[in-house]
Amino acid sequence: MALMPKRVKWRKYQRGKIRGNACRGNYVAFGDFGLQVLGPAFITGRQLEAGRVAATHFLHREGKVYVRVFPHRSVSAKPLETRMGKGKGEPDHWAARVRPGTVLYEIGGVAEDVARQALARVAHKMPVRCRFVTRHHA
Amino acid sequence: MVETIVLKLEKREGRGTAASRRLRKQGLIPVIVYGHGADPVSAAVSLHDITLELQHHHKLVDVELDGKSEKLLIKDVQYDHLYDKIIHVDMTRVNLNERVTVTVPVVLRGTPAGAAEDGVLDQLLADVELECLVTAIPEEVRVKVSDMQVGDTILAKDIKLPQGSVLVTDPETAVATVRVIAEELEAEAEVAEEGAAEPEVIAREKESEEGEES
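For the record, the sequence lines run as chains A and B. Quick note, our numbering runs 706 ahead of the 1-based positions in the first sequence. Quick note, our numbering runs 331 ahead of the 1-based positions in the second sequence.
Don't take every hint at face value.
Claimed, not checked - In the DSBU-like style, the derived pairs of lysine-lysine whose C-alpha atoms are separated by at most 30 Å in a straight line are:
| no. | chain 1 | residue 1 | chain 2 | residue 2 |
| --- | --- | --- | --- | --- |
| 1 | B | Lys416 | A | Lys723 |
| 2 | A | Lys831 | B | Lys416 |
| 3 | B | Lys402 | B | Lys390 |
| 4 | B | Lys356 | B | Lys406 |
| 5 | A | Lys718 | A | Lys831 |
| 6 | A | Lys794 | A | Lys723 |
Claimed, not checked - Now the stretches of chain A that chain B is said to cover, found in silico as 3 or more residues with beta-carbon under 8 Å:
| no. | stretch |
| --- | --- |
| 7 | 736-750 |
| 8 | 823-835 |
No lab work stands behind these hints: they were computed from the structure. Using N, Cα and C, we set each Cβ at its ideal position, and we do this for glycine too.
In isolation and in its complexed conformation, chain B is listed as follows (with noise of 0.2 Å):
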């Protein structure tokens, strides 16, 4: 775990798409702060730092707020349209006793056993939501896939999760299968030869039917 830094936010009096867009072209973020019943703050953050906590998987971090420091849970993060450029960062104010309900990446570990029989890994669920406590929240989940065998899959439920950590994702989700494929590809190559020439137009029928009727 790298060290966390102090993001400095400043409070930002502008609101709106002008205004976000000038804080943009200056190198800050707008931010708003908002949770435990207290007024939303309007903020921004520098690009730079928080990018920096962003890539470090951060989700935690620590701020210095009108001249108070304060720990802040990272809720959401908008991007543009290419998914490129953060646009706007939610925080939520949050105790450091209480328990949040994160999303956490799942990452396989492994090469599955059906491998060598022709058998794919196929990765079903990309992230699974916890319930922990705020300064436990971990990085990612691993899961060891190295025994599954063609048509295993393993479920939300079978996930070890760290010590104090509980399943919020529906436990019967499928988290990761091994298959064979060739035969998925044959049944694609038939359903596209069969297609009609021209598909069948729905407002036309509505206007025989009016028709018949008159």
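Looking at chain A on its own, in the form it has when it is part of the complex (with noise of 0.2 Å):
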């Protein structure tokens, strides 16, 4: 099962725009490595447990993996064969909205090589361009 909230307030949201760049949460804060969008995106659940796992197996166990996005919104869709009408569709899965500079992934505890080959393959795994980025130190 895939990652989703325990309550919501709201079963359906209305799609909306993705606008602007983070300003929060758009740098390398528990880890010492991360994975940064670069653009706007809905990750979903899928893809985002998609990506732990591929992190987690490629260090074998070593490091940690901190996931820094957690999918809130709902993103709902029609059954298939259906004649378009009669209200919006059930929730089909759960996604979460990024903005450009969002650090999805950290990782700590390993060298920064070993951490750049595992957010690689964390990164094509996700539906938006990604790029590599180390903590900033005070």
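Using the supplied hints, reconstruct the complex from the two chains, each of which is provided in its own coordinate frame.
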């Protein structure tokens, strides 16, 4: 089962547009290295879980993987071969809305080259262009 | 320690987003200088020069402002949304005998002894706050972790600080720990499988309560 919230205020949301850039969650806060998105995107719970699994498998239980976003937003869909109308479709899956700059994953406790390889594998599973970032020290 | 360069600050008249954008297009970065009861001064500095200072982890910088040279402390640096480009710098006036509170990175040194028993070193605190003389700000604080076994934790109070520095961060804050994470992975997998098909809806609860009352 992919990630989803335990309780929500509303079952369905209007889709809306992802405007602007990330002004929070846009730096590496917990680990040493991170994966930052370069564009706006809806990242589904399945994609997030696939990324986490790819990173943990590659790291062979070394280091620690942090997932910085959560799929809070439901995405509805109509069943196949259904005529238009008759109201909004039922919730199909859950997604995280991310703005350019958001850090999706962080890795701590491993060398930089290992983290780069792990996060490159994760980036292939994402629906948006991503890049590797390192922690900014004070 | 690399020798510091003298930053030339030019006073700027324009304020606000548009004026700051025009400055950045010219390769300058807006700076605000404040502190010690004097009026704040809006200025601009070369992006190249300030980047050099920050790359060398300099906190106390020599500046030339209005033909006078003085030492200022870099208080805050703002970056763009990708944390790539510097967009603004805060500097404070300081007295060279003054004690200041600064944030210094923690660097872990060595491989923990517990790594041989599948232990993984986890750094929980990346920066510590110190109070020290403005002329003696350390570039980093090194923590030796080679003696750590599985289950050991180093607290902020265990860090050996440079002479004259006092810890401001809560002394009981954990800095690093060595632990085995195999059990955690299994627990995570179980939670994911047990998840419900659809989450509980709060709004529906309220509606049904209202219905019962009427």
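A quick look at each hint next to the structure:
1. For the suggested pair B/Lys416 and A/Lys723, the alpha carbons sit about 26 Å apart, so the restraint of at most 30 Å is met.
2. Restraint check for A/Lys831 and B/Lys416: satisfied, since their Cα atoms lie roughly 28 Å apart, inside the 30 Å limit.
3. Restraint check for B/Lys402 and B/Lys390: satisfied, since their Cα atoms lie roughly 10 Å apart, inside the 30 Å limit.
4. About 24 Å separates the Cα atoms of B/Lys356 and B/Lys406, which keeps this hinted pair within 30 Å; it holds.
5. The straight-line distance between the Cα atoms of A/Lys718 and A/Lys831 is roughly 26 Å, inside the 30 Å bound, and the hint therefore holds.
6. The hinted pair formed by A/Lys794 and A/Lys723 meets the criterion: a straight-line CA distance of about 18 Å does not exceed 30 Å.
7. Counting residues of the stretch 736-750 of chain A whose C-beta lies closer than 8 Å to any C-beta of chain B gives 3; at least three are required, and the coverage claim holds.
8. A stretch counts as covered by a chain when three or more of its residues have a beta carbon under 8 Å from one of that chain; for the stretch 823-835 of chain A and chain B the count is 0, and the coverage is violated.
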